[in-house]
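Student: Reassemble the complex: the two chains are provided individually, in unrelated frames, and hints are given to aid placement.
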Amino acid sequence: MVFGRAIVWGSAALLVGIAAAQTLDRTGTLDLGFANWRPTLYAYVLWAGCLCWGQVLVRGEQGKRALFVLPAVLFVVSLVVFPLIFGLIIAFSDWNLSSPTGRKFNGLDNLRQMWADPFYWNALRNMIWYMLAIIVEYAIAFGLALLLNSQIRARKFFRVAFLMPLMLSPVAVSWMIGKSMLEPRFGPLARLARFFGVENPSFFESPEMARLVIMALDAWTYIPFMMIMILAGLQAIPKEVQEASRVDGATAWRGFWEVTFPLMLPVSITAILIRIIFKLKLADIIINVTSGGPGGATDSVTSFIFREYRDRSNVGYGTMLAMVYLLLIVIFMTVLMKLVDRWMRPQY
Amino acid sequence: MTDAAASPQIFRDSPHDRPPQLAWYASRLAIYGMLILWTVICLFPIYWTITTSFKMAPDVMKGNMVPWWDYTPKWLGWRSLGMSPDTITTESTVRAEFLGRFLNSAIISLTSSGLAVVLGSLAAYGLSRFSYRFGHMRNSDISFFFLSQLILPPVVLALPFLVLYKELALLDTRIGLILLYTLTVLPIVIWIMRDQFAGIPAELEEAALVDGLSIWGAFATIILPIALPGMAAAFILSLVLTWNEYFFAALLTSTYSNTLPVMVASQTGSQGISWWSMAALSFAAILPLVVIGIVMERYIIKGMAAGAVK
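Top line first, the protein sequences correspond to chains A and B. Each residue of the first sequence is one higher than the last, beginning at -16 in this note's numbering. Each residue of the second sequence is one higher than the last, beginning at 617 in this note's numbering.
One or more hints might be untrue.
List time: in silico DSS-like cross-link candidates among lysine-lysine, alpha-carbon distance up to 30 Å [what the hints assert, rightly or not]:
no.	chain 1	residue 1	chain 2	residue 2
1	A	K162	B	K690
2	A	K222	A	K139
3	A	K264	A	K162
4	B	K782	A	K264
5	A	K264	A	K321
6	B	K782	A	K87
7	A	K321	A	K139
8	A	K321	A	K262
9	B	K678	A	K162
10	A	K162	A	K87
11	B	K690	B	K678
Treat the hints as calculated values from the structure; they're not laboratory data. This structure is a prediction, so every number in the text was calculated from the model and none was measured.
Only chain B is shown next, with the shape it has when bound in the complex (with noise of 0.2 Å):
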């Protein structure tokens, strides 16, 4: 043993295989500290919103915070939204009314999302295919175009839509919201989907056009399938994006095509309403997101990823 230790060691542990050390230990708790940390600054609204949804007025005041432990939840806040198990069966005008926004926010955003999908996925087939002259724009001008959509601000748009809209009997209906939110999210769209069709090679479809099938034969047949988690990417995306859009709402609705955000933000305004139902009209409508937050995380990433990485 003695002079095993004496001679000089040649074979050394890489730092890998050692037994962690203190420096090591502290690291990790360095790591998952700071990871905590920022679960609880992201997720203790969301948490502060639920329970406050089953708070009653002195619970507020108080501040309490953890439910059966500092206080009693009660079903108040739902119970004013019609929500509640004793009164979701009886006739109630907040809920139909709720029941309503969160119909048009359904519609307006699937809707919108999905005729984005479409017509940005063709456009950037197309542009990722074949070469176009409009005049003297050529593909990567068209592009430019459609991506320079992106910077302009609603508010360039909102005031001359306002009258437009107006003038076309299309104030505070679904289709005049859809078409503006088609708008907003089709540069994203297109971005994403570019994005997607350039990594899918060309050879796929000038074998299938040997074999007889047309452009868009060869496209709805042969990519289409390839490009689906990147559509559902963008459409994921998109959907994120309209279903929380405030600003048009707010200008272009009035009375019948409200949506969820502009119901949630009449409320805040008044002074009547109580914490625990605006708690819960909250909750129910940031809902549906955070259920497809945690279903399709995956996608979101792949969607918000697509620009990064080239």
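The shape of chain A in the complex, shown without the other chains (with noise of 0.2 Å):
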């Protein structure tokens, strides 16, 4: 018990000293000759395990049982948590990796700069297109999922070709379809177009096409994601319920909209919003195959933070940038999933 105590604090007093040691070493008070924070890190990481084993030391049973959730939590806290703080310094200062500088603290001009900053307006605008494509992502979905779940036959194989775009890495991806399928001249796709009697296809020239195309990639990707969630739900419904419904005389058209549709409304939200919080990660496609054009057309609000450190460096004003976006999605799911729970509540 003591011991538990002792290595604990030991373990603490270490850290707090080498962190010590190091920030005097970085403000130049002391010379000791440290080229990186490793010593922290190290000492940190001591911490943690000397912390989850004085637990057991110290509590006992109690102890053993906080044990199973203290490593995760220590875990995401350190990777989170501390990055985030971190982040918002960053985020209200002026940082330019490549200038030799260094950072500099400027307040709220990061702020200021990103209001009037026509870009970045531009990316939220074409994530809430983005956005409204997940409903048609979703209809295709479901009915893939009916058709799954209808009697067929070799249905295993089926469902195998269907999950296969889910297993693609976006990269590959975005050259497969994006660079070479889709590829003006003599890719198969273009073939086709011209086939059914367009002139000159072309693919990411109009900023409407593009984004459209950008939307069906993404689509491409991640329908099977959508459409396995909603076939569980399917069979998870019990035959007997559909049964009945036929034996009221309901057509099979009716059947589904008053029986199987209303059934499934609690899983299609959860896949709905999983689809969402995915959506709003989406850049890997984006990167890779418009790098954000025509004009900026198809840049979510990932591509061109990436873009803008890729190309500018500029760490302080694209982690504002990020700060921001992470905020109004903090704000868009908590009402999104306030209104879904304030909806679906009068049905139970």
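Tutor: Right, dumping it as structure tokens:
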């Protein structure tokens, strides 16, 4: 017990000591010759380990229970909360990694710059378009799930085939479809378009078309995901329910809208919410296929910030944009979940 | 016969027992038509990539599609990767680079998925069985804390991590990427595993505790074997996500610990790269997951369906 307390506090003291020494070293008061912050990291890991071990020593059975959750909590806190705080500091500073001046606190300048940045607002507007595409994705996914759930042969083959797009890396998909199949001169899809009488098929010249193509590519990758969730929901509906509606004389069409669809609402909402979360991170395909063009028409917020860093090394401004985005997402998701909650409740 | 037809029919065949009618055939045709159409949409890009990797320049320009029918397969694309039959034995810098990236991807995705499954399963088990209080946070708050990480977009973390890793000398190292990837898949693992453990009756461990096992002993000997399929599902889903991850890898690695997606993406930018070798490279990059998708399909579906049905 005493030993347990001792290792926890001892390692904590060591961590604070090393961190202090490194800070002093960095500010120049002491010259200890640290090359990087690794020693502090090691001390932190040691402290985290001792904290877990100490729990068991100090609190016995309770500590053993805490030991299940503690490692994950420590891991997430150290990898999320700490960088987020650090990110907030960066967000309010003028910091260009390629300039030699280093970090300078500049207050609200980044916010002011963001307010006047048409490309950021454009990217946010594009995100709304991308969000709306989820409705179409959902309809297709539901249709496919219904097909897979009907009486068919070779169900396993079709399921594997439908699952395939999800397994492919977005980068490979960008090349395979975005660059190769949509090649305007001899890509197979351009050929197909010409076969249907389109004169000069070009997929990335007009902003609307480019955005549609990006939506389609992203939908192609993620429709299987929604499809599988909906399929799982369909299979959980007892067969008797549909049979009862058939016995009552409902046509297949009415049976679907008045029995199956309402029963599927909770699953549908879960699937759509998760899909929205994934959609908010959309970037890989855009970075690799259009890099935001033409004229920012396909930019998502993530790909815009990515290029802000890649092309201009503008860490401070980019982080501010990301923080604002996070804030918007949190507000959006909270409102959305509240709405869904309120809307769903009367049905139970 | 005549009076049998005249008398009112009492026993009718149910619709299932009658011979199929035209409408039935039509609906069958429609269903299979749509299924096959979508199968083509899903599989054609993969087919196109495979065949293109065996084409030569004129075949690509002419848009030939069926090997041995309108063009003769050549090893051109694979030769440029150093993986055709005649170059596989000789030295090749491209192949060495490819294998290096492949190894990076494999190590990073396997380790981070493994780490996420271990951390996530323990946390999910704890949350499903015991009640905790950290300050004023209770079980549901802790669960929400973990799951809320899911909405955190990668951009928010990317730039702070870039600076942080620079200071910690973790930039362009495998361990740096492993930590981040573990973080990104951890909420998904916890979500799947929480569901799994909730489905296992608590009486099982209670019996084990009465028999004198400790909490951890009961977890390791009783619960773990039962939860193993769920853990496999979580692991494979994490594997898919981490293998395909591009954003962090592109920002945080440069020369030494690049992953496969970064290599594929860096080739697309340059003009000199040819269709056939890009196709070969893309196909080699997606092949492991295509195989996993075919073999492990059951687990992937199980993992994704975990949250859907409660």
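Student: Are the hints correct? Go through all of them and say.
Tutor: Each hint, compared with the structure:
Simply put, K162(A) and K690(B) have alpha-carbon atoms about 22 Å apart, close enough for the 30 Å limit, and the pair holds. Simply put, K222(A) and K139(A) have alpha-carbon atoms about 20 Å apart, close enough for the 30 Å limit, and the pair holds. At most 30 Å may separate the alpha-carbon atoms for a hinted pair to count; K264(A) and K162(A) meet this at roughly 22 Å. A C-alpha spacing of about 24 Å is found between K782(B) and K264(A), which places the hinted pair at or below 30 Å, so the restraint holds.
For a cut-off of 30 Å, the pair hint linking K264(A) to K321(A) stands: about 22 Å separates their Cα positions. For the given pair, K782(B) sits about 18 Å from K87(A) by alpha-carbon distance, which is consistent with the 30 Å threshold. Under the criterion of a C-alpha separation no larger than 30 Å, the hint pairing K321(A) with K139(A) is inconsistent with the structure, at around 38 Å. Among the hinted pairs, K321(A) with K262(A) is consistent with the structure: their alpha-carbon atoms are about 20 Å apart, no more than 30 Å.
For a cut-off of 30 Å, the pair hint linking K678(B) to K162(A) stands: about 17 Å separates their Cα positions. Restraint check for K162(A) and K87(A): not satisfied, since their Cα atoms lie roughly 41 Å apart, outside the 30 Å limit. For the hint pairing K690(B) with K678(B), the CA-to-CA distance comes to about 16 Å; that is within 30 Å, so the pair holds.
The structure is inconsistent with the numbered hints 7 and 10, although it conforms to all the rest.
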